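Asks: The hints should help you fit chain B onto chain A, whose structure is shown.
Protein chains: 2
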Amino acid sequence: MDIVIPLFQRFEPLDAIGPYEILAYVPGAKVRFVAPEPGVITDVLGALPVEVRTRYSEVESCDVLLVPGGGGTRELIADPEFLAWVRRIHAGTRFTTSVCTGSQVLGAAGLLDGLTATTHWEAVADLEGHGAVYTPERVVRQGKIITSAGVSSGIDMALQLAALLTDETTAQAIQLYTEYDPQPPFDSGSVAKAPAAALKRARTLDEERRRG
Amino acid sequence: MDIVIPLFQRFEPLDAIGPYEILAYVPGAKVRFVAPEPGVITDVLGALPVEVRTRYSEVESCDVLLVPGGGGTRELIADPEFLAWVRRIHAGTRFTTSVCTGSQVLGAAGLLDGLTATTHWEAVADLEGHGAVYTPERVVRQGKIITSAGVSSGIDMALQLAALLTDETTAQAIQLYTEYDPQPPFDSGSVAKAPAAALKRARTLDEERRRG
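Protein sequence lines, in the order shown, are assigned to chains A and B.
To convert, take the position in the first sequence, counting from 1, and add 280; that gives my numbering.
To convert, take the position in the second sequence, counting from 1, and add 280; that gives my numbering.
Keep in mind the hints are simulated off the structure, nothing from the lab.
Since this is a predicted model, take the numbers as computed values, not measurements.
It is possible that some hints are incorrect.
Since the list can't tell identical chains apart, any single copy or any two copies may satisfy a pair.
[Said to hold, decoys possible] Calculated pairs, EDC-like style, for lysine to aspartate or glutamate (alpha carbon to alpha carbon, straight line, at most 16 Å):
{"hint": "1", "residue 1": "K480", "residue 2": "E402"}
{"hint": "2", "residue 1": "K310", "residue 2": "D486"}
{"hint": "3", "residue 1": "K424", "residue 2": "D406"}
{"hint": "4", "residue 1": "K424", "residue 2": "D486"}
{"hint": "5", "residue 1": "K310", "residue 2": "D282"}
{"hint": "6", "residue 1": "K310", "residue 2": "D343"}
{"hint": "7", "residue 1": "K424", "residue 2": "D343"}
{"hint": "8", "residue 1": "K310", "residue 2": "E487"}
{"hint": "9", "residue 1": "K473", "residue 2": "E417"}
{"hint": "10", "residue 1": "K473", "residue 2": "D393"}
{"hint": "11", "residue 1": "K480", "residue 2": "D447"}
{"hint": "12", "residue 1": "K473", "residue 2": "E448"}
{"hint": "13", "residue 1": "K424", "residue 2": "D393"}
{"hint": "14", "residue 1": "K310", "residue 2": "E488"}
{"hint": "15", "residue 1": "K480", "residue 2": "E448"}
{"hint": "16", "residue 1": "K480", "residue 2": "D393"}
Extracted from the complex, chain A is given alone in its bound form (with noise of 0.2 Å):
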């Protein structure tokens, strides 16, 4: 089983490991990151310097496509060669998935036309510019396309992959080891559970990151 990930400078960290961490571990599944150009592909965040050593084209057919987010999105959107192997892709997988921004990849191919979809919260109208109507949920299954929603939603989506890959009993033994039982310390993951206060500086917190 052959689980393809593309990076992409400016990827955002979590939304392609946390799927990974989880998939890594479907018995008899490879994981596999492919870029744009073999080399180094560096992370949003900036600390994080990958060797993706396979080009995307080099690639023809895999069971399972996911697409992460990040600021990078915006080249691949751009991008039609990348956009065609999306679609080409998609045509032979038994799953087409996306974390967070990764949704308008998809949406920008062409595959999420009149579908309901989810995305990073900051993000709806640029997923709605592609033809998908948004919907406020974690993840979103549509066939075989499953969108999720920002950043750490790709955990929760990886897991309902693994079950859908193998069966209920192996994607909960991939919970167990892996520990997956959130305590976060406050309740404010979602725009219509976060406190005012958060919500406001949620909105300046990366443009703040980026100045430095």
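Replies: Same frame as chain A, now just chain B:
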């Protein structure tokens, strides 16, 4: 604010990247990865070669030390130079922390003697072998030492840490930005909750993965 995460061959990816994702959004914080030798460090799942540019011994002090776990902690525990560095760094940190079997490294460095601590549920005896008193909690704080349970627990710990380093609103904003509103499809994330079949399956999962 300087946050240092040692990587090493066969680190568990989410142990390191979960907290990295959270802590990189702490305003004014700089997260950096260090390694026994600069160069390519590959995770235990085998698909994530990370280019690490800083040798740990170049770091003389930092605000937060965060030691992830993974198969490679065995070598760290057997490395007296690395353990001496952990002790030296710990003397000047605001917080010394671990995820998963990273707590064994803190233990081997002599930092957990007689303290309550946690680790991955399969590594309890090893942790206690280093003089710590295991408690099956997800995040355990003893003064400035914070240990967390298996793999994904580092995300919960990092959010607590973010609040300690800044304030609750900022930590809540980071939770919202990373959309950490966990909705696992199963309730199988701890030994106490997992169905017996999942526990049995979990015990062979890693070996099965290594056999390929």
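Asks: Are there hints from earlier that the structure breaks, and if so, what are their numbers?
Replies: 3, 4, 10, 16
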